[in-house]
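Student: So the protein lines, in turn, are chains A and B. All residue numbers in the first sequence are consecutive under our numbering, ending with 466. All residue numbers in the second sequence are consecutive under our numbering, ending with 466.
FYI, nobody ran anything at the bench for these hints, they're computed from the structure. Worth double-checking, as some hints may not be accurate.
Stated by the list, open to error - What follows is a list of derived Cβ distance ranges for each label pair: (1) A:P127 - B:D379: 46 to 52 Å; (2) B:Q103 - A:K411: 42 to 48 Å; (3) B:L79 - A:E345: 53 to 59 Å; (4) B:K309 - A:D406: 26 to 32 Å.
Ideal Cβ placement from N, Cα and C applies to all residues, glycine included.
Each chain, letter by letter, is given below.
Protein chains: 2
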Amino acid sequence: MFCKRILSICNKHLYSIKKYSVIASVLKKPNVGEVAEIKGWIKSLRVQKEYVFADINDGSCAQKLQILIPKHLKTEDLTYGSSVHVTGTLSQSPKGQIELVANNVKVLGPCVVLDGYPFNPRTAHPPEYVRQYLHLRSRTNFISAILRVRNALTRHIHEYFASQNYLHIHTPILTSNDCEGAGEVFKVQPENEETIKTMMQEGKNKDTVYFGRKTYLTVSGQLHLEAICRSMGNVYTLGPTFRAENSRSRLHLSEFYMLEAELAFADSIDTLQYNIEDLLKYIFIKTRETNEADLYVISKDNKEPSWINRDFATITYDEARRILDKKGLVVLDDGINKEQELALVEHCQVPVFIVQWPKNLKSFYMKETPLDDTKVDALDLLAPITGEVVGGSLREDNYDKLKSKLPSDALNWYLELRKFGNIPTGGYGLGLERIMQILCNIPNIKDTLPFPRWPHNCDL
Amino acid sequence: MFCKRILSICNKHLYSIKKYSVIASVLKKPNVGEVAEIKGWIKSLRVQKEYVFADINDGSCAQKLQILIPKHLKTEDLTYGSSVHVTGTLSQSPKGQIELVANNVKVLGPCVVLDGYPFNPRTAHPPEYVRQYLHLRSRTNFISAILRVRNALTRHIHEYFASQNYLHIHTPILTSNDCEGAGEVFKVQPENEETIKTMMQEGKNKDTVYFGRKTYLTVSGQLHLEAICRSMGNVYTLGPTFRAENSRSRLHLSEFYMLEAELAFADSIDTLQYNIEDLLKYIFIKTRETNEADLYVISKDNKEPSWINRDFATITYDEARRILDKKGLVVLDDGINKEQELALVEHCQVPVFIVQWPKNLKSFYMKETPLDDTKVDALDLLAPITGEVVGGSLREDNYDKLKSKLPSDALNWYLELRKFGNIPTGGYGLGLERIMQILCNIPNIKDTLPFPRWPHNCDL
């Protein structure tokens with residue numbers, strides 16, 4: 007990985023750093039007979055005749071390393087949950103399993119389970135219970151596997167876009183626009199009254215004093231991506247977005263990660279569909295390859311989804327309504343609801359793109375469908391477990407049409423992007439946590455990220 | 007890059023997508039004599055006898071592609087700043103330069119410069135001027151080069167940590183703790199009064215109604231990283247952090263990216279120093295390799311820093327004071343100021359770690375230096391241009407000591423991390439924009455990211 011030059015610059019320190027091995031590396035290339043040092047946490051203990059058998063995990067992989075501890079090395083604080091530093095010799099058990107025969111065991115931090123430690127060995131605690139202990143829950147096999155999968159999924163997303171020459175753009179979190187216009191934004195102002203006082207000007211109020219205008223947490227980086235796309239081509243962003251909804255459903259969070267891409271010179275909704283399908287298949291196949299053991303820990307019956315080798319379906323919004331009508335699920339004027347989304351996926355047996363949406367159900371920036379000005383060239387992708395998982399559209403590139411639909415003068419900068427060297431673009435946004443739900447077969451979105459935030463829950 | 011299987015799944019669409027080439031690819035593997043399609047923006051035009059010579063850029067690289075447009079294909083709207091779709095044959099000029107001889111030119115979007123377009127061809131506009139047009143400024147050579155460097159720098163950071171088995175953790179933006187305790191936080195609440203009304207409970211006020219407590223934008227992901235580090239080993243995060251300071255200096259932003267790493271089992275400040283020095287050298291060397299042309303656009307005299315092949319220096323806080331004293335720069339009780347930081351770097355001629363800090367100048371979570379309980383095992387790394395660029399420390403791992411220093415009961419969860427299977431850890435935080443300043447030789451931090459936010463500036 008590292009160029010020789012860098013290694014030679016820094017090898018002065020190398021010895022002092024390389025003091026222990028991670029279990030993932032030991033199991034990948036086991037050198038039976040060699041001395042190894044391991045640092046990790048005890049996941050289970052079984053006292054036998056001559057040895058104590060301990061399973062140790064260090065977070066580097068789903069697998070545990072079995073340690074054989076001669077009984078005379080067993081101390082009282084060597085218990086489930088304690089952190090240990092073990093030195094020993096790697097050996098192979100009669101069954102071929104790699105294990106470490108300890109000659110030295112040091113407890114770094116004891117764990118007095120009876121003093122309030124919430125988890126027990128070899129126990130699958132229900133997610134609602136585990137969620138009460140956000141600061142400790144990465145110590146469970148389930149959540150640590152989730153975090154390794156999330157790490158891998160994120161890496162594969164960046165790999166995918168880099169290989170296709172997309173630029174990764176850090177769009178801002180603080181913004182004075184509400185891209186989706188739904189009013190579900192959090193507002194932001196300094197906590198410190200002293201700061202507010204020193205910045206106060208006549209005619210201003212507290213809400214606007216710091217930035218000179220009302221400022222919100224972003225609901226989407228799209229408008230900012232569009233600005234960069236109009237000079238640098240294909241771009242994407244992956245970062246936190248926010249919704250101030252009073253929703254505690256299994257599909258909603260107040261803070262979640264969104265992957266958003268904006269495609270330069272996109273003049274057909276097909277281009278977006280191709281890109282989304284290709285991306286999803288790539289990250290699913292890759293993550294299932296790199297994190298097979300983690301996915302097994304998360305869900306024993308997590309099989310490869312049947313749709314991975316099949317084409318996604320595409321139907322228009324009107325077709326979707328007709329399909330649902332026949333099932334007795336009448337679509338009201340405010341669009342397709344969650345139950346209906348899942349029924350459509352069930353009907354198609356693959357993820358399905360809904361295209362050609364009624365204009366009044368979608369945002370101001372979407373481009374009208376050719377030949378039908380009541381519709382826009384938008385898409386939703388519906389998938390199992392979550393229903394909607396991606397939303398996208400071509401963007402209105404006609405200056406006058408966009409001007410007539412612009413919800414606020416504060417967006418004049420966005421309009422002006424169309425004035426100078428404009429190009430057709432389109433893009434989409436994909437909820438990372440919902441992808442995690444589908445990939446890992448997880449009903450509740452709160453279990454797909456390290457520190458979920460939802461109404462009444464922001465405790466640390 | 008892609009596994010065969012994914013390609014075969016999706017190649018049905020492949021033809022329809024591959025409609026044009028990006029200039030970076032054309033220049034990397036030029037196929038003279040072949041037909042090529044390019045889409046991009048005109049950066050300059052020179053009308054000659056038979057041809058119009060146009061330089062086109064599409065954002066994929068710093069280089070421009072020269073287009074030879076036969077005069078009869080020149081239309082009135084083919085001007086500087088317009089976006090074009092050009093088809094032609096790749097050829098080699100007498101001087102060996104790759105160029106495209108056009109047989110078809112279509113203007114996608116005209117650019118009427120006199121209608122308010124702020125930039126002129128072949129002009130280096132001052133950064134303060136360009137900064138007024140955040141939505142258009144990626145159209146300048148300078149800012150587009152910056153964004154490509156930032157994209158590469160980010161990629162190299164992730165490569166570095168992945169190669170060393172660090173897990174990338176998405177720490178939350180919304181938090182109820184103020185890690186640094188300096189009170190420079192932004193508070194967050196829903197904008198929608200209707201939402202607040204429906205969630206209102208007796209005894210609550212508006213500030214706390216949504217999450218049930220006061221909620222802030224994060225100033226650091228450290229405390230959350232520490233929680234995960236205590237079960238999963240080495241972890242890092244790279245994402246937005248916030249400071250509600252009334253500072254408009256060339257080194258401060260209200261929203262900036264911070265890279266934070268937490269090292270499991272770290273029991274010596276040397277370990278952190280090694281890791282920081284190795285990381286910085288790696289990302290500097292790699293980015294200078296991958297983005298040489300961009301760095302040249304940004305600053306013609308951007309040479310490899312002299313320190314890249316040398317060891318960083320280390321001095322204690324007390325030594326730093328003595329050095330500054332001799333220079334007549336007296337250090338006051340509140341620590342080393344910016345002028346003094348830069349004087350120390352000048353004195354050492356390399357980036358310099360300041361270690362063994364007075365306890366009262368540093369945060370509650372830092373570990374006391376062995377043998378001197380007035381000092382903590384903290385470090386600041388000072389570098390040219392910016393002064394402080396990294397801050398780090400070993401973390402207090404003694405439960406009782408930490409308890410006595412805990413600033414608030416709201417941090418009991420953080421204290422509790424020490425109770426069960428505790429390990430020694432240490433970590434550091436590094437400002438991405440300051441790294442960009444040093445790497446690109448940029449005086450003002452506002453020019454290192456796409457959409458800077460600072461007091462009175464959050465206009466889009």
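Student: None of the hints should be skipped; say for each whether it holds.
Tutor: The hints, checked one at a time:
no.	hint	verdict
1	A:P127 - B:D379: 46 to 52 Å	violated (39 Å)
2	B:Q103 - A:K411: 42 to 48 Å	holds (45 Å)
3	B:L79 - A:E345: 53 to 59 Å	holds (57 Å)
4	B:K309 - A:D406: 26 to 32 Å	violated (50 Å)
In the structure shown, a violation is registered for the earlier hints numbered 1 and 4, in ascending order.
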